[in-house]
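Chain order of the listed sequences is V and E.
Numbered per this note's numbering, the first sequence spans residues 11 to 282.
Numbered per this note's numbering, the second sequence spans residues 11 to 282.
Be a bit skeptical, because a hint or two may be false.
Identical copies carry no separate label here, and so any pair may be met within one copy or between two of them.
[Stated by the list, open to error] Capping the alpha-carbon separation at 27 angstroms, the derived lysine-lysine pairs in DSS-like fashion look like this:
| id | residue 1 | residue 2 |
| --- | --- | --- |
| 1 | K255 | K40 |
| 2 | K37 | K135 |
| 3 | K135 | K206 |
| 4 | K37 | K139 |
Read the hints as simulated data drawn from the structure, not as lab findings.
Since the structure is predicted, the reported quantities are computational estimates derived from the model, not experimental observations.
There are 2 protein chains.
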Amino acid sequence: MTLATLFEKIKEKKSYLCIGLDPAMHKIPKHLLQYDDPIFEFNKQIIDATLPYCVAYKPNVAFYEALGTKGWETLEKTFNYLPQEIFTIADAKRGDIGNTSACYAQAFFEHMNVDAITVAPYMGKDTVKPFLIYENKWVILLALTSNASSKDFQTLYLKDSNEQLFERVVKESLLWATPDQLMFVVGATQAKMLTKIRAMIPQHFLLIPGVGTQGGSLEEVSQLGMNQQCGLLVNVSRSIIYASKDKDFASQAAAAAKKVQQEMKKFLDILL
Amino acid sequence: MTLATLFEKIKEKKSYLCIGLDPAMHKIPKHLLQYDDPIFEFNKQIIDATLPYCVAYKPNVAFYEALGTKGWETLEKTFNYLPQEIFTIADAKRGDIGNTSACYAQAFFEHMNVDAITVAPYMGKDTVKPFLIYENKWVILLALTSNASSKDFQTLYLKDSNEQLFERVVKESLLWATPDQLMFVVGATQAKMLTKIRAMIPQHFLLIPGVGTQGGSLEEVSQLGMNQQCGLLVNVSRSIIYASKDKDFASQAAAAAKKVQQEMKKFLDILL
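Whole structure, please, built from the sequences with the hints as guidance.
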């Protein structure tokens, strides 16, 4: 999907919500366990119910790998089930030397036909380049993550430039790709950094996890992070997909998604 | 596997060779394509032939993911096929926030029962902790990798301490785990840094990729990196597994592995 198409979808749906599909067998409603593939059934019903309110879905690959081969199959089925017009993200945080990253690109861009994959930057340009040869596919590079330990390394100051490590990651990566291929992960819990980040990358989309269970504020993120093409995909996982643990889980998920979308509409109305 | 057991195996086999099982469908001998699972058949024959000469195997997960669900199944079969007494490494370079890393730990330490997994450090302590609750299992943390772009971020100097980023990664991680749970990836192409690294971590094992096709020197790595318990697992992939592309691929792989092992024996004889 191109940046222009993504922005069209955002305007159409008045939403920049990304729903994180991170289901665990012990957390989904009990009545689904009778299905042959309970996790897929859960995802399917969540997708059907929440599709009007979001522009993207982001399965976190770890939750599927935890179930072994069967889980990998569920992941493939989930990506296949998602309609063409929705932006799909494999939250995989991959990254390795060139010939290995090429295999990861093949896995996610070819086999699963996702629009985007999250990539870890520690190993540098080599690790990112093989993902960039695919047209209309995206790398979402970890910049400043939502977890407490992001301070262990990401915010350390560098001697040569007085930048923080995550700033250098962002700046360096601008040499590798255009804003049509590259987004950045910035945690909602890092909202106060968004002004600084937007000054560096006024045009790029940001994928913002950490709203909801992790405590980030949608209002703050939207006010500080939006650009003229919205520029934000805000991810919410647990507070939507686990809005109810009963038979009404899908309609409750839809209600929770709609509530977020309605708030997003307010911020988009100011922008547009 | 414990550190003591690993060292016993090294002494027994006079080898600290780790063989990288990174097979690609277009690179394995053509006659294997008639098998139901050509990659597994390739791995099986490589393992059977090279087992006397190595102490560890390291499938790189990307090569299996590139084949989709079927590839994931092949990876599981490969780990199941590897005998209990060999050290097994999932080269997966995973790392995510706590609840997600816990899923990756479940995938590799429970489903696949591997001894060790490679982990990327960018997101800090949160990403590593969930792997450390497993007894006799190992995290192999990326420190200084073998690729050219390792210089993009890993070797940058930090303002607060005049350390390079990879040094800080090593030092910080020493607070999280003991030498019985934690190894580090240091590329063979970075051999001149080994003296510095050994001064910081005299006891830890290092996983050294980059000997062979990538151009690192076994002699240099061994001379600079060994400690009193060997402390090295040197990985060789392509120059062993693709020693021949014909029907004799397994015996040629064995010959290539034996050649490396014979050289390792010389260095071990000096140490022991």
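K135 and K206: within-copy, between-copy, both or neither at 27 angstroms Cα: both (23 angstroms within a copy, 25 angstroms between copies)
Indicate which option fits the pair K37, K135 if close means a Cα-Cα distance not exceeding 27 angstroms: within, between, both or neither. between (38 angstroms within a copy, 26 angstroms between copies)
Classify it for me, K37 with K139: is the Cα-Cα distance of at most 27 angstroms met within a copy, between copies, both or neither? between (37 angstroms within a copy, 22 angstroms between copies)
Is it within, between, both or neither when you check K255 against K40 at 27 angstroms Cα-Cα? within (8 angstroms within a copy, 51 angstroms between copies)
Figure legend: structure checked against the earlier numbered hints; every hint is met.
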